[in-house]
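Number of protein chains: 2
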Amino acid sequence: MSKKLSIRDIGKELGISITTVSFILNGKAKEKRISEALTEKVLKFVEEVNFKPNMMAQGLRTGKSKIICLMVEDISNNLLFAQVARLIEEEAHSKGYRIIYCSTDNKTEKAIELIRLFRDRSIDGFIITPPEGIEDEIQSLIDEDIPVVLIDRNLPKLKCNYVGIENLNSSYQAINHLITNGFNNIAFVSIESDQMQMVDRQGGYDKAVSGAGLKSFVKKLNFYNSPEQNVSEIASFLTDNKEIDAVFFSTNYIGVWGLQAIKSLKLNIPNDIAVVSFDDHDLFKFYSPSITVIAQPVPELSTHIIRLMLNALKEKDTNIHEIILPAQLIIRDSSTKAVS
Amino acid sequence: MSKKLSIRDIGKELGISITTVSFILNGKAKEKRISEALTEKVLKFVEEVNFKPNMMAQGLRTGKSKIICLMVEDISNNLLFAQVARLIEEEAHSKGYRIIYCSTDNKTEKAIELIRLFRDRSIDGFIITPPEGIEDEIQSLIDEDIPVVLIDRNLPKLKCNYVGIENLNSSYQAINHLITNGFNNIAFVSIESDQMQMVDRQGGYDKAVSGAGLKSFVKKLNFYNSPEQNVSEIASFLTDNKEIDAVFFSTNYIGVWGLQAIKSLKLNIPNDIAVVSFDDHDLFKFYSPSITVIAQPVPELSTHIIRLMLNALKEKDTNIHEIILPAQLIIRDSSTKAVS
DNA sequence: TTGAAAGCGCTAACAG
DNA sequence: CTGTTAGCGCTTTCAA
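First to last, the protein sequences are chains A and B. Residue 1 is where the first sequence starts when you use UniProt numbering, and the numbers rise one by one after that. Residue 1 is where the second sequence starts when you use UniProt numbering, and the numbers rise one by one after that.
In case anyone wonders, no lab produced these hints; they're calculated from the structure. One or more of the hints may lead you astray.
No copy is singled out in the list; a pair is fine if it fits within one copy or between any two copies.
Said to hold, decoys possible - Straight-line Cα separation of at most 30 Å, DSBU-like style, residue types lysine-lysine; simulated pairs:
(1) Lys110 <-> Lys4
(2) Lys110 <-> Lys44
(3) Lys52 <-> Lys4
(4) Lys337 <-> Lys215
(5) Lys263 <-> Lys66
(6) Lys314 <-> Lys215
(7) Lys266 <-> Lys95
(8) Lys242 <-> Lys157
(9) Lys314 <-> Lys220
(10) Lys64 <-> Lys12
(11) Lys4 <-> Lys157
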């Protein structure tokens with residue numbers, strides 16, 4: 001167990017050439033018409049001595065590292081990313097890939113730096129939640145034929161694999177749900193951002209509100225402000241617009257801020273103000289009252305993400321795919337008026 | 001930008017040998033007494049053409065991959081792990097290391113499989129939240145001089161680096177806090193586990209309860225049961241022991257189950273039953289009433305974890321370190337009786 | 001001070 | 001069917 005075997009050792013041991021061993025190990029036994037008996041024997045021996053080929057030698061030779069980079073906004077900030085990380089890892093491992101992760105903090109600078117850092121380190125593929133302004137860098141990856149899968153938000157200028165949800169339609173539905181339930185002054189609280197998912201979520205709001213001829217109330221926060229500051233900004237916004245009777249938060253962390261703001265204002269949910277948030281969260285499930293949310297189908301998203309990546313890596317599929325899944329409106333207690 | 005340079009190319013370009021380039025690139029210019037002028041020139045050129053050495057060739061040659069494996073229970077289940085992941089990544093990158101992650105689901109089998117998988121893939125170091133029964137496998141890593149840092153829970157049989165918190169003392173304090181606030185029938189809800197951190201957390205409970213001459217109420221759940229089942233088990237436990245007036249949950253996910261159970265029983269916190277949980281969580285901060293918790297000092301833990309690992313990797317420090325930090329009892333509304 | 005050269009372990013073209 | 005062999009790009013010993 002101590003001294004590492006090499007493919008040469010096992011060839012010597014078995015009295016065959018290392019080529020043969022290499023072919024067998026790489027599943028090219030058939031193709032090279034190596035006898036089944038020999039194949040069997042080698043495989044068995046390899047199993048026995050627990051031989052593992054040296055990845056770095058393989059990598060050096062083939063130019064492939066068998067490593068995929070998962071670049072998210074912040075692996076600790078958004079449960080969505082951690083869940084995706086969890087769900088793609090197994091599939092990747094089973095296909096012989098390892099996953100390294102890194103967080104961009106949603107900063108273009110940092111993302112560019114990270115992409116450059118990793119591109120030159122022979123990373124085979126990138127799964128990325130792109131910050132704004134990263135198009136060129138990603139295009140350069142694509143130009144080098146490095147598979148890229150964008151997640152969570154698309155970069156419309158790019159022709160690139162993408163897995164996400166129907167943001168516009170989901171928030172449209174959520175707002176309509178509020179309208180149906182008798183709320184007429186519905187606010188949209190989001191962050192200052194040109195990212196597609198944010199634009200689309202607002203698009204759904206705009207469409208629903210203007211479609212119903214309602215007044216629009218929009219508040220944009222700064223992502224980089226402290227949570228405390230954003231909580232108080234939401235509170236001021238709500239105080240300044242007393243006619244608001246429902247509010248839609250465009251991400252779960254904004255929803256959490258919003259709940260704090262509402263609590264600080266001592267408003268009752270849903271009688272004083274109804275609440276719907278994008279993205280589910282333990283807090284929303286167990287809050288009193290429980291909070292209506294748009295939940296992303298995380299397992300399905302993850303499956304598509306890793307499939308797309310693995311397929312692109314196998315080069316079986318060089319087409320670009322955009323996969324857009326529906327999200328689910330989970331209606332809980334925060335968005336329906338108490339029966340009067 | 002397209003064609004990859006090699007150290008040979010840059011040697012040729014500059015009219016010097018690749019050895020010289022290699023020495024300079026590896027900071028051995030001084031040691032090898034290469035003229036400062038040449039060193040400067042090479043460094044400048046390398047910068048200019050944005051040359052990055054091929055990691056795999058380096059790795060093949062040196063036997064080091066510059067990759068650290070972060071093996072946690074479930075990167076998506078416990079915020080603690082995701083936060084640690086986030087906090088160690090930057091430091092690791094700045095030192096030229098990349099981090100791959102994997103989740104054991106707290107299964108010994110799976111952890112062993114993963115360790116074997118990665119050990120033979122020249123991973124330079126392992127940061128591990130060990131499941132039970134993994135001692136031998138970890139020892140074999142140590143025997144091969146692969147740096148290991150255990151986190152969250154120690155393996156007392158092993159002489160191994162460890163970073164964690166004062167579990168026993170923290171829960172002792174938490175229980176005493178409850179006792180001080182007039183609760184006399186305090187329950188401890190945990191999972192069936194021999195892991196040190198769980199044993200210690202119960203140790204603190206036992207010590208405080210028996211020290212005060214109180215009756216002990218202990219409920220152990222099965223980690224692998226469905227959340228629903230565990231919620232209902234907690235509810236039954238509470239129903240069967242009506243005298244319980246306070247409950248301590250030994251992890252945050254158990255705390256979340258517990259809150260659900262209490263809600264389903266329509267008990268009032270803290271008047272019917274006080275609550276304290278290990279590990280902080282958004283839900284606990286914003287719950288009504290807010291939940292008293294023992295919070296782990298995640299940034300400090302992470303700093304120590306990555307420091308220990310990096311030091312071990314540099315072999316500057318071959319000693320074994322056990323770093324045990326205090327946790328903080330954050331007293332909120334769930335554990336103090338309303339003034340009467 | 002610098003250069004030549006021997007591999008690290010593996011893949012794959014080419015030659016039997 | 002199987003073996004020989006030439007590197008992949010880099011580090012490092014030894015020689016100059």
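Structure-based check of each hint:
1. Lys110 <-> Lys4: between (39 Å within a copy, 23 Å between copies)
2. Lys110 <-> Lys44: Between copies only: 23 Å across, 47 Å inside.
3. Lys52 <-> Lys4: Close inside one copy (9 Å) and across copies (29 Å); limit 30 Å.
4. Lys337 <-> Lys215: Classified as within: same-chain Cα gap 20 Å, cross-chain 45 Å, threshold 30 Å.
5. Lys263 <-> Lys66: neither (49 Å within a copy, 48 Å between copies)
6. Lys314 <-> Lys215: neither (51 Å within a copy, 63 Å between copies)
7. Lys266 <-> Lys95: neither (53 Å within a copy, 49 Å between copies)
8. Lys242 <-> Lys157: Result: close neither inside a copy nor across copies, 40 Å intra and 63 Å inter.
9. Lys314 <-> Lys220: neither (43 Å within a copy, 47 Å between copies)
10. Lys64 <-> Lys12: Cα proximity of Lys64 and Lys12: in one copy and across copies (27 Å, 26 Å).
11. Lys4 <-> Lys157: Between. Shortest inter-copy distance 28 Å satisfies the 30 Å Cα cut-off; intra-copy 49 Å does not.
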